[in-house]
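Asks: Order-wise, the sequence lines are chains C and X.
Numbers 1 to 159, taken from this note's numbering, label the letters of the first sequence in order.
Numbers 160 to 318, taken from this note's numbering, label the letters of the second sequence in order.
Everything labelled a hint here was simulated from the structure, so no lab data went into it.
Keep in mind that the hints are not guaranteed to be accurate.
Stated by the list, open to error - DEER-style ranges, computed between Cβ atoms:
| # | chain 1 | residue 1 | chain 2 | residue 2 | range |
| --- | --- | --- | --- | --- | --- |
| 1 | C | Ala-76 | X | Asp-214 | 38 to 46 Å |
| 2 | X | His-294 | C | Glu-130 | 43 to 51 Å |
| 3 | X | His-246 | C | Ala-23 | 20 to 28 Å |
| 4 | C | Pro-17 | X | Gly-190 | 26 to 34 Å |
| 5 | X | Pro-185 | C | Arg-91 | 19 to 27 Å |
| 6 | X | Ala-287 | C | His-135 | 39 to 47 Å |
| 7 | C | Thr-101 | X | Pro-185 | 41 to 49 Å |
| 8 | X | Ala-223 | C | Arg-43 | 31 to 39 Å |
Stated by the list, open to error - To be clear about the criterion: a stretch of chain C counts as covered by chain X if any three or more of its residues have a C-beta under 8 Å from a C-beta of chain X, and this derived list gives those stretches:
| # | region |
| --- | --- |
| 9 | 30-39 |
| 10 | 135-145 |
Glycine included, C-beta positions come from ideal geometry on N, C-alpha and C.
Number of protein chains: 2
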Amino acid sequence: MEHAEADHAAAGDGLRPGEVAGALPPHTDAGVYFLGTIHTPWRTRGECPRRGDPDGPICAIVVAEPWRAALTGLDAHRRIQVLYWMHRARRDLVLQTPLRTGATTGSFALRSPVRPNPIASSVVTLVAIEGTTLHVRGLDCLDGTPLLDLKPDRGATPA
Amino acid sequence: MEHAEADHAAAGDGLRPGEVAGALPPHTDAGVYFLGTIHTPWRTRGECPRRGDPDGPICAIVVAEPWRAALTGLDAHRRIQVLYWMHRARRDLVLQTPLRTGATTGSFALRSPVRPNPIASSVVTLVAIEGTTLHVRGLDCLDGTPLLDLKPDRGATPA
Numbered sequence: 001m002e003h004a005e006a007d008h009a010a011a012g013d014g015l016r017p018g019e020v021a022g023a024l025p026p027h028t029d030a031g032v033y034f035l036g037t038i039h040t041p042w043r044t045r046g047e048c049p050r051r052g053d054p055d056g057p058i059c060a061i062v063v064a065e066p067w068r069a070a071l072t073g074l075d076a077h078r079r080i081q082v083l084y085w086m087h088r089a090r091r092d093l094v095l096q097t098p099l100r101t102g103a104t105t106g107s108f109a110l111r112s113p114v115r116p117n118p119i120a121s122s123v124v125t126l127v128a129i130e131g132t133t134l135h136v137r138g139l140d141c142l143d144g145t146p147l148l149d150l151k152p153d154r155g156a157t158p159a
Numbered sequence: 160m161e162h163a164e165a166d167h168a169a170a171g172d173g174l175r176p177g178e179v180a181g182a183l184p185p186h187t188d189a190g191v192y193f194l195g196t197i198h199t200p201w202r203t204r205g206e207c208p209r210r211g212d213p214d215g216p217i218c219a220i221v222v223a224e225p226w227r228a229a230l231t232g233l234d235a236h237r238r239i240q241v242l243y244w245m246h247r248a249r250r251d252l253v254l255q256t257p258l259r260t261g262a263t264t265g266s267f268a269l270r271s272p273v274r275p276n277p278i279a280s281s282v283v284t285l286v287a288i289e290g291t292t293l294h295v296r297g298l299d300c301l302d303g304t305p306l307l308d309l310k311p312d313r314g315a316t317p318a
């Protein structure tokens, strides 16, 4: 699950008991390109499943046209690792208190979307590729999420 | 393996037969922070193992001091997903011809470090945490690689 845990209150500083926000560095160190857009049925964090279900709905990953050739050969793989940018998540919490557990925990010890680099990793099942659109099962992210990368799942890569 | 496949020739444009470089977009869409540094025995791509070995040498992930609190509770997990930035890799190839196979393939169908967003994902075994240093097995990256994220491996996360 990459979403529901960080459904921070909108009021005040948005911090739950025990949560700690740190100062983010004054500048970033490298830049990422958004390579496409992920389309899912979920419009709010509350609607997102806690984690991707391999039998869940088919979602669409639309790769931007300049990267079309980079898809060559991807259809030979059934399990694909998808990296994406959790664009709605705040980045400054070092300690978080997920609603689900109520236990205050470090951001690196959670898979919450709230983290200094809001990069998610999901492994999905490829159903089909049509042009620059991948149809996949197993995602749990918001509709409109920016795509960062696609790669064959390591477990499925020849040694 | 995240490295040896993209050991492009230094001469000319560095392209092997069949490889195609695209124009990168004029600007990036979001920025990442380097959160620490990974120390391994490997100083060149040629030295890096093809993929991380769970019985390989212990490597050190040194988290930068501002993120110390974010490690709270991470020691409860044995398998940790590490995201890092492959800072030496070119980003503009859409088709690549790995030396190992000689088959020209799309960048998204390879786990090569050469990709528009050079973000790697490895799952490691946590040996110990001392202060802000994690001792882990299973990495395959260059010494000095910038750290992007740490999270419990999904397989190990309670449902």
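Asks: Does each hint fit the structure? Answer for all of them.
Replies: Taking the hints in turn, this is what the structure says about them:
no.: 1; hint: Ala-76(C) <-> Asp-214(X): 38 to 46 Å; in the structure: violated (30 Å)
no.: 2; hint: His-294(X) <-> Glu-130(C): 43 to 51 Å; in the structure: holds (46 Å)
no.: 3; hint: His-246(X) <-> Ala-23(C): 20 to 28 Å; in the structure: holds (24 Å)
no.: 4; hint: Pro-17(C) <-> Gly-190(X): 26 to 34 Å; in the structure: holds (31 Å)
no.: 5; hint: Pro-185(X) <-> Arg-91(C): 19 to 27 Å; in the structure: holds (25 Å)
no.: 6; hint: Ala-287(X) <-> His-135(C): 39 to 47 Å; in the structure: holds (43 Å)
no.: 7; hint: Thr-101(C) <-> Pro-185(X): 41 to 49 Å; in the structure: holds (44 Å)
no.: 8; hint: Ala-223(X) <-> Arg-43(C): 31 to 39 Å; in the structure: holds (36 Å)
no.: 9; hint: 30-39; in the structure: holds (count 6)
no.: 10; hint: 135-145; in the structure: violated (count 0)
In this structure, the earlier hints numbered 1, 10 are contradicted, and the remaining ones agree with it.
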